[in-house]
Amino acid sequence: MNRQATATENESEMTEQQRLVTAVLDQLNEIILGKDYQLRLALTCLLAQGHLLIEDLPGVGKTTLAHALARTLGLNYNRIQFTSDLLPADVIGVSVYLRDDNRFEFHPGPIFSQVVLADEVNRATPKAQSALLEAMEENQVSADGDSYPLPDPFFVIATQNPVTHIGTYPLPESQLDRFLMRISLGFPSQDMERRLIAGQDRRELLSLLEPALQAAHLKSLMDAVSSIHVSDLLLDYVQALVAFTRESPDFIHGLSPRAAISIVSSSRAWAMIHGHPGVLPEDVQAIIPAVANHRLRLRDELNASTEPGELMLAAVSVP
Amino acid sequence: MTVSRRLCEKRMNWTLFGISLALLPHLPRLPMWIGVFLVTVVLWRWQAERHGWSLPPRILRFLIAIAGFAGVVLTYHTINGLNAGTALLAIMMGMKLLETRGQRDQMLLLFIANFLVLAGLLFDQTPWTGAYLVVSVLVITAGLLAVSKSGDVLPLKLTLRLSGRMLLHAVPLMLVMFLFFPRISGPFWSLPVLRAGASTGLSEEMSPGEISDLSLSAEIAFRAQFAGNLPEPRERYWRGPVLSAFDGMRWSVVVPSPETATDLIGFGGGEYRYRVTLEPHQKNWIFALDLPVSWDQRGITMNRDLQLISRRPIRRLTAYNVVSQTRFTADLSMPQRLARRNLRIPADRNPKTQALAREMLAEAGNADLFIARVMQMFREQEFFYTLQPPRTGFRNGVDDFLFETRQGFCGHYASAFTLMMRAAGIPARVVTGYQGGEYNRLGDYLIVRQADAHAWSEVWLPGRGWQRVDPTAAVSPDRILRGFADTLPFALSAQERFLRLHPALIQMRQAWDAMHNAWNEWILDYDLDRQRSLLEKLGFDKPDWKSLAMVLAAGLVPALFFLGLSTARGFRRRKTHPADKSWQLFCHRLAGKDLPRKSDEGPLNFSRRVIELRPDLSAVVSEIADAYIAIRYYPNPGSDRLDLLKDRVASFRP
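Going down the list, the sequences are from chains W and D. Okay, so the first sequence: first residue is 1 according to our numbering, each after it adds one. Okay, so the second sequence: first residue is 1 according to our numbering, each after it adds one.
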């Protein structure tokens with residue numbers, strides 16, 4: 001009797017969270033047309049408290065997506081346009097000497113914000129990139145021997161051009177690993193592109209955007225994510241997937257334990273968004289491409305017709 | 001299509017690589033025509049695969065096969081035996097290459113390649129061959145991996161690594177088999193022995209006057225490991241064939257009567273115990289420090305000339321333990337026949353030498369003084385030790401040497417000295433063998449090389465028996481005390497000189513030789529006796545085949561067990577959850593209706609697909625899927641769900 005009561009209680013709670021999630025997704029869908037899957041992934045990433053890397057050609061709406069996410073979630077945000085002459089101080093801030101008080105004062109940089117939009121992150125030099133990536137890793141900024149905590153929640157949404165473009169400094173693999181997910185948007189379908197061209201300017205729409213969530217809402221959604229059940233059977237599946245990447249000769253190296261943790265936490269968030277009280281294999285499958293593709297490299301990259309994620313999923317059977 | 005052509009080519013390249021490695025060491029041993037045939041076939045097949053040429057028709061292959069067979073019979077007059085058998089195997093491999101089409105044929109070829117590699121070991125068992133064998137087996141296994149794989153061939157490095165790992169897995173098994181597989185001594189089990197092969201080193205004859213340039217070979221004659229002290233350099237005379245017959249120019253062996261002379265020998269002084277590892281030299285001679293007292297092999301006897309003789313020619317590495325005493329008296333009383341033989345000289349040859357001997361004996365008065373005078377002559381007059389002596393005349397070779405050229409090596413001096421003794425009526429003979437030996441500090445043994453070959457004299461004196469006299473020691477004491485290399489550095493080959501340039505090089509060489517020696521000692525010479533003593537150390541009282549079987553089983557069973565365990569880990573079967581049983585049954589029933597679950601399809605997606613395709617089943621399918629998901633993936637499913645699932649699946653008839 002008791003158990004059933006908690007179950008119904010859970011369900012009603014679920015619906016409350018469902019309502020919030022639906023509101024967020026609806027609003028995002030208004031801005032970014034025809035990219036429901038990518039939007040869900042982006043939301044999943046933030047709810048799993050991971051940083052997001054959006055990689056695509058210029059002009060497909062990367063920056064717009066990042067803006068829309070920040071506004072919809074009701075978070076304050078700063079945008080840093082990465083350029084080749086960007087300095088670390090431009091990201092984390094500078095210490096300024098105050099002559100009257102005979103001391104230094106730290107002027108926080110744009111990174112002190114709940115959402116940081118690192119636009120075209122691979123245009124900056126590795127030095128500037130690592131200033132950002134170190135902050136992401138440690139959730140604090142060290143300057144002149146003092147450390148300054150970053151706000152909570154703290155998300156980095158970075159966008160980058162495909163590495164093959166000229167004038168880019170590709171992020172090294174170890175730094176790519178700090179992004180929970182990497183997604184790409186791709187060109188919109190014909191219908192959607194028509195609506196996009198005919199409709200209002202996206203930037204204007206953005207400025208009209210009202211937050212769909214309060215700070216407390218976001219917190220409750222994140223709590224809900226961490227309470228999603230992960231069964232042994234599912235862990236078997238995740239382990240089998242990871243083991244495959246390590247054993248298969250198709251990959252140069254397999255996924256790290258950190259990547260395995262990322263898979264589970266992303267799957268939890270995805271399951272929460274879709275109203276599953278526990279993680280299903282389908283949830284794992286949905287997030288694998290976004291979580292695994294930037295962490296794996298195929299041995300025979302040039303001839304590969306499939307992405308690493310697809311390869312994993314096709315090769316490992318669901319228990 | 002082109003992709004699959006590429007794949008076939010890759011596989012064929014692996015196959016050709018593997019069999020080429022296996023064939024390579026055999027090529028120098030095989031007759032020319034087989035070598036040409038094999039190289040042609042391999043190169044042709046390589047090109048044929050690249051350009052998609054068609055294979056020769058059946059009738060042509062048949063003719064080539066007949067010709068190859070006939071060729072082997074004509075070359076070897078048999079198809080039996082190691083040489084002919086290997087040739088036949090190699091030819092058949094070439095033949096197979098002409099009709100190889102698929103993966104199966106290629107695998108067969110690689111298996112034959114393994115056989116050929118093994119056959120190579122029957123010819124030659126040096127560490128080089130061992131190392132080459134490991135490399136070729138590694139490549140052949142990699143080839144098997146590449147050829148047997150269904151998909152694309154993996155990159156070279158990866159395939160080799162996989163193959164290496166497989167071989168490593170086999171190592172424990174190999175060790176157990178090597179140590180404990182019963183080594184039955186018998187003609188059937190032992191390695192076949194090669195009849196051919198030129199003998200190097202000493203021979204039954206010595207004719208120093210005919211040689212104008214003696215080259216020093218660094219080839220190893222034998223190694224000797226001493227228990228306890230090493231003999232002094234001047235005591236390191238290794239006795240070999242005794243040359244008693246002289247025709248004025250050439251000394252040769254008189255086949256001695258087989259009777260043993262042990263009862264004629266008396267010993268005194270310190271004794272040396274050592275183990276000799278003798279390199280094959282195709283003769284029956286067994287070398288031992290002058291003079292051996294006892295030895296541990298039944299096949300070895302001592303002949304009337306005090307030389308050790310093996311019953312069978314030494315055609316493979318042979319090890320034996322010997323005890324020697326460097327001070328001895330032998331043949332205190334000599335039979336007339338033997339005395340006559342050791343006095344015989346052609347009266348009309350070398351008259352000046354004979355006259356000189358008689359004159360010196362008359363001056364000296366007694367034999368001892370005479371010998372001393374002759375030695376003094378060699379020491380004090382202008383005699384030179386050289387490996388490039390001028391040639392002497394044939395008729396009076398010793399005269400020419402003693403009175404004109406006065407340059408020679410040990411053979412000249414031993415020859416002249418012995419002739420003078422005989423001319424003076426003292427029984428004397430030439431003894432050949434080795435003198436010296438390089439001490440290997442690392443392995444604690446003496447290496448005796450062909451370059452250490454030596455000849456000295458023995459004279460028989462009444463009351464004292466045979467006494468060793470080495471005239472070379474009078475001319476060039478260094479030769480005896482410090483060895484060849486230090487006496488005549490320029491007589492060495494360029495390579496040999498280089499190896500002695502620096503102490504580090506000498507050490508390197510010694511380390512290499514110590515390794516070689518260990519290989520001989522522990523790998524090649526591991527025989528029935530050593531196996532037995534190992535078993536005794538393991539605590540078996542009287543080891544027989546039963547204890548061997550026990551140890552073998554005790555070693556093999558765990559090795560195989562763990563190997564099997566690690567292989568089986570991939571197929572580990574777990575206790576199936578009851579919900580999984582029902583779910584599998586559900587999937588099975590749907591598969592029967594052409595709705596199989598894809599391997600990467602989760603329960604949610606699968607049930608949705610089924611409902612889409614079979615809307616009539618929607619209610620029950622979603623009920624089953626929900627229950628299964630709740631049980632296996634969701635928290636707190638409740639026991640009633642399982643009952644529901646079982647019930648629904650049991651009655652599920654799509």
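Among the hints, a few may not be true.
[As the list claims (entries may be wrong)] Computed list of lysine to any residue pairs in SDA-like fashion (alpha-carbon distance at most 25 Å, straight line):
1. K581/D - L296/W
2. K10/D - E49/D
3. K149/D - H253/W
4. K646/D - L233/W
5. K157/D - P277/W
6. K542/D - L505/D
7. K149/D - P277/W
8. K598/D - L208/W
9. K581/D - S248/W
10. K157/D - L233/W
11. K149/D - L233/W
12. K598/D - R246/W
13. K157/D - A243/W
14. K598/D - D177/W
15. K10/D - G34/W
16. K157/D - G145/W
17. K10/D - P249/W
[As the list claims (entries may be wrong)] Chain W regions said to be covered by chain D (calculated; three or more residues, Cβ under 8 Å):
18. 231-245
19. 261-268
[Claimed, not checked] Chain D is nowhere near these chain W residues, computed Cβ spacing over 12 Å in every case:
20. Y37
21. G74
22. S84
23. D90
24. I197
25. A271
26. H274
27. H276
28. E310
29. S317
Just so you know, these hints were derived from the structure itself, not from any lab. Idealized CB from N, CA, C, for every residue including glycine.
Here is what the structure says about each hint:
At most 25 Å may separate the alpha-carbon atoms for a hinted pair to count; K581/D and L296/W exceed this at roughly 35 Å. The straight-line distance between the Cα atoms of K10/D and E49/D is roughly 9 Å, inside the 25 Å bound, and the hint therefore holds. For the suggested pair K149/D and H253/W, the alpha carbons sit about 21 Å apart, so the restraint of at most 25 Å is met. Between K646/D and L233/W, the direct Cα distance comes to roughly 19 Å. Compliance with the 25 Å bound is thereby established for this hinted pair.
For the hint pairing K157/D with P277/W, the CA-to-CA distance comes to about 46 Å; that exceeds 25 Å, so the pair is violated. Under the criterion of a C-alpha separation no larger than 25 Å, the hint pairing K542/D with L505/D is inconsistent with the structure, at around 47 Å. Straight-line distance between C-alpha atoms of K149/D and P277/W comes to about 43 Å, which puts the hinted pair past the 25 Å bound. Simply put, K598/D and L208/W have alpha-carbon atoms about 46 Å apart, too far for the 25 Å limit, and the pair is violated.
A threshold of 25 Å between alpha carbons decides the hint, and for K581/D with S248/W the separation of about 29 Å lies outside it, so the pair is violated. This hinted pair does not check out: K157/D and L233/W have alpha carbons roughly 36 Å apart, beyond 25 Å. Of the pairs offered as hints, the one joining K149/D and L233/W is violated, with about 31 Å between alpha carbons and a cut-off of 25 Å exceeded. This hinted pair checks out: K598/D and R246/W have alpha carbons roughly 23 Å apart, not beyond 25 Å.
Restraint check for K157/D and A243/W: satisfied, since their Cα atoms lie roughly 21 Å apart, inside the 25 Å limit. The straight-line distance between the Cα atoms of K598/D and D177/W is roughly 31 Å, outside the 25 Å bound, and the hint therefore fails. As the CA atoms of K10/D and G34/W are separated by approximately 46 Å, the hinted pair breaks the 25 Å bound. Taking the CA atoms of K157/D and G145/W, the gap is near 48 Å; set against the 25 Å cutoff, the hint is violated.
Among the hinted pairs, K10/D with P249/W is consistent with the structure: their alpha-carbon atoms are about 17 Å apart, no more than 25 Å. Counting residues of the segment 231-245 of chain W whose C-beta sits closer than 8 Å to any C-beta of chain D gives 3, which meets the bar of three, so the coverage hint holds. A stretch counts as covered by a chain when three or more of its residues have a beta carbon under 8 Å from one of that chain; for the segment 261-268 of chain W and chain D the count is 0, and the coverage is violated. Non-interface status of Y37/W relative to chain D is upheld: no Cβ of that chain comes within 12 Å, the nearest being about 15 Å off.
At roughly 30 Å, the least C-beta separation between G74/W and chain D is larger than 12 Å, which holds for a residue marked as non-interface. At the 12 Å boundary, the C-beta of S84/W stays outside the reach of chain D, the nearest C-beta of that chain being 37 Å off. For D90/W, the shortest C-beta to C-beta distance to chain D comes to about 44 Å, beyond the 12 Å cut-off, and the non-interface label holds. With a least beta-carbon separation of about 34 Å from chain D, I197/W lies farther than 12 Å from that chain, consistent with its non-interface assignment.
Not every C-beta of chain D lies more than 12 Å from that of A271/W, the closest at about 9 Å, which undercuts listing it as non-interface. Residue placement check: H274/W does not keep its beta carbon more than 12 Å from all beta carbons of chain D (closest about 10 Å). The claim that H276/W lies off the interface is violated: its Cβ sits roughly 8 Å from the closest Cβ of chain D, which falls inside the 12 Å cut-off. The beta carbon of E310/W sits about 10 Å from the closest Cβ of chain D, which is not more than 12 Å, so the claim that it is off the interface is violated.
At the 12 Å boundary, the C-beta of S317/W falls inside the reach of chain D, the nearest C-beta of that chain being 4 Å off.
In summary, the structure is inconsistent with hints 1, 5, 6, 7, 8, 9, 10, 11, 14, 15, 16, 19, 25, 26, 27, 28, 29 from the numbered list given earlier, while agreeing with the others.
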